[in-house]
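Enquirer: Work out the full structure: start from the sequences and follow the hints.
Sequential numbering from 1 applies to the sequence shown in UniProt numbering.
Keep in mind that the hints were calculated from the coordinates and are not lab data. There could be a bad hint or two in this list.
Unchecked claim - Derived PhoX-like pairs: lysine-lysine, alpha-carbon spacing no greater than 25 Å straight-line:
#	residue 1	residue 2
1	K286	K516
2	K468	K487
3	K224	K286
4	K78	K35
5	K273	K447
6	K516	K477
7	K35	K268
8	K286	K273
9	K313	K201
10	K224	K201
11	K313	K224
12	K334	K514
13	K273	K387
14	K65	K477
15	K268	K324
16	K101	K157
17	K447	K387
18	K512	K529
19	K14	K502
20	K174	K103
21	K201	K184
22	K521	K566
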Amino acid sequence: IPPHCSPVEILGDKKFHLNRIAQLTSSLISFNKDKSRIEMWGKSEDLEEAVKQWDALVDDLLVRKKRKKRDGWEKPEKAPLNKKQEAKMKRRKEREAEQNKYKIIPEGNFPYNGHFIIPDTTIDIERFIGVGGVTLDSIRTNNKCYIWHEPKHSLMKIVGEDCDSVKDATLQVKYLFTKVFAFKDVPDLGWVHHMIDPPSKPHKIRIADPPSWFYPPYDESDFKLLEPVFEGDKIPIVGKDDSSKELKQSFNLDVIQKIRESNLIKIKEALLKSLESIHLLDEEIKMRIRFGHVCLTRFPQPKASSNDSSKPKPLWAIERFNEKVMKNPRILSKFATCLAIEDSQLNLLFEDLGDPRSEDSQRINGTQLITDQSRDKYKPEPFREFKIYANRIIPNGNGTNESYPCTFDIEFEKFRCDEKKDEIKYIKSEREYDGRIGLWSAVLGEKNILNISMACLDNVYSWKLTLKTARRLSNDKFGAQGNFIYKLRFCKQGRLVYSNTKEINVVSVCEKTKWKYWWHKDYIVEITKYEFWDLSEFTSTPPGIEIPLSQRLSPTVTYGVTLYKKSWDDNFSHNCNLEPGEVPVWYPHDFIEGDEEEKGDVNDLLDDIGKFIRVLQDKLKTPMPTEHQ
Numbered sequence: 001i002p003p004h005c006s007p008v009e010i011l012g013d014k015k016f017h018l019n020r021i022a023q024l025t026s027s028l029i030s031f032n033k034d035k036s037r038i039e040m041w042g043k044s045e046d047l048e049e050a051v052k053q054w055d056a057l058v059d060d061l062l063v064r065k066k067r068k069k070r071d072g073w074e075k076p077e078k079a080p081l082n083k084k085q086e087a088k089m090k091r092r093k094e095r096e097a098e099q100n101k102y103k104i105i106p107e108g109n110f111p112y113n114g115h116f117i118i119p120d121t122t123i124d125i126e127r128f129i130g131v132g133g134v135t136l137d138s139i140r141t142n143n144k145c146y147i148w149h150e151p152k153h154s155l156m157k158i159v160g161e162d163c164d165s166v167k168d169a170t171l172q173v174k175y176l177f178t179k180v181f182a183f184k185d186v187p188d189l190g191w192v193h194h195m196i197d198p199p200s201k202p203h204k205i206r207i208a209d210p211p212s213w214f215y216p217p218y219d220e221s222d223f224k225l226l227e228p229v230f231e232g233d234k235i236p237i238v239g240k241d242d243s244s245k246e247l248k249q250s251f252n253l254d255v256i257q258k259i260r261e262s263n264l265i266k267i268k269e270a271l272l273k274s275l276e277s278i279h280l281l282d283e284e285i286k287m288r289i290r291f292g293h294v295c296l297t298r299f300p301q302p303k304a305s306s307n308d309s310s311k312p313k314p315l316w317a318i319e320r321f322n323e324k325v326m327k328n329p330r331i332l333s334k335f336a337t338c339l340a341i342e343d344s345q346l347n348l349l350f351e352d353l354g355d356p357r358s359e360d361s362q363r364i365n366g367t368q369l370i371t372d373q374s375r376d377k378y379k380p381e382p383f384r385e386f387k388i389y390a391n392r393i394i395p396n397g398n399g400t401n402e403s404y405p406c407t408f409d410i411e412f413e414k415f416r417c418d419e420k421k422d423e424i425k426y427i428k429s430e431r432e433y434d435g436r437i438g439l440w441s442a443v444l445g446e447k448n449i450l451n452i453s454m455a456c457l458d459n460v461y462s463w464k465l466t467l468k469t470a471r472r473l474s475n476d477k478f479g480a481q482g483n484f485i486y487k488l489r490f491c492k493q494g495r496l497v498y499s500n501t502k503e504i505n506v507v508s509v510c511e512k513t514k515w516k517y518w519w520h521k522d523y524i525v526e527i528t529k530y531e532f533w534d535l536s537e538f539t540s541t542p543p544g545i546e547i548p549l550s551q552r553l554s555p556t557v558t559y560g561v562t563l564y565k566k567s568w569d570d571n572f573s574h575n576c577n578l579e580p581g582e583v584p585v586w587y588p589h590d591f592i593e594g595d596e597e598e599k600g601d602v603n604d605l606l607d608d609i610g611k612f613i614r615v616l617q618d619k620l621k622t623p624m625p626t627e628h629q
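Expert: Structure, rendered in structure tokens:
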């Protein structure tokens, strides 16, 4: 027992921690009161894990004692500063004086002035310029201008000594308002669009129960699927022997083409509107395309529908279903992204995307890959990531705390593998990881901006495009987020071990094993193995108590496929570091019309998505639905 800790603090009330660690590590542990020490017996690897558990408890106890410690004596006088420290202190004071100088409303006249009339007075001024105008501080200092709000005239006043500086400051204030104004109309759940990609052959649609092989979306059990029914063949009537009816073919190619053209226009308009609303945000932005199945959870029921299973499901004409169901604002859906639950189902897809050890690895479906150095990190060796969902506890200033959903994305140092092994199976299964923390980020207030679900009736798989934003939190190693991150470690079984902190309580953990491939033009294909643990029962676990995932129930394992362009991430990365009033290097029309280098517009994007869906349908070993006629 360390000298700064009492046995009760370490062992816990009624030896709670002693019994917990003994059970967790399958070790025999007792407390020797005479020698004030903890004695343990067991396997060496179990004892090593037990020691780490005790060390984590002691470290957390020491941190909490330092927080509560209050000096009873007056602090001694600081030692005199040397010349270097004096110069540093002088520069700091000058910088603070310069910043505070422009926070006041000046007296007298200035040679140059500008103003910005606020066009929408319904927007809270603090949402525009921050509490006390704090958002304007960097604009004031960088441009050496005085900026203040005149509520009587509903305008922002900008004055200064330099013409260009006043112009720049005025423009940045306009951009600052534009950011708030554009984002205010985004719905709480974002813009949601349901569409169907009509089939190339005569079909009708019915809403049916999922087949036995179907992998349902997470946390959703009551849903229906869209099922295409080929027109012209006999449809058996359930419950009546030798009874059938003929369907009259009503396939109209003009109607099908009209639906496709309408989809293209809607997608362009939705993308443009969404990107314009987030263009100036200083947040993390992600746009992804995922593949799976559209699952309807709420939809308008036709009059002929009935809960009587003996009656056949009503059939819809494509155009009528598109108008009456898919365009109905009340429709709700979930997207099932699970494409497989075993490695063996993905072997053909891995082979198609290419093995880097073979000569054919430079080609994917006949498309020559670019092999410059910038693409070296996108090789088909897996790497490990963790997505941790947690509650971020933040004081609200009234002596109480508020909890906000927070998400951590964490990479660990790249694993080591035996290069002598040529089997892809080895790459996927025999993995060894370093336990050192690599890149990580924490975000708050994740928001859906755009959600387009496209049900593809010609294929087994459909697709979904999502556009999301989130506010980045500080990644200071010694801050609240860093304090949580750098306590993470791996146990001997290779599973994550975490502990809650005063500010962060974990809700769930998703371990991701990713394989990244280049595909077609500028696309990145991510094949991801998801291992998910629901840890909501441990959110109230006190800080300092380590929770190893190896001791929990086996995780839910699924595999999914994601498609996106590297240029999307490159463009959106500029938004994370935007200063107030700054503009990123990209523009919304770049995504709609394509830039000069890519020559790709939305029409090309939809064609490429269709090509990749055909690859999935051809290469994925997924049980096929029973063909209905």
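Enquirer: Going back to the hint list, which numbers does this structure go against?
Expert: Hints 2, 3, 4, 6, 7, 13, 21 are the ones this structure does not satisfy, whereas the remaining hints hold.
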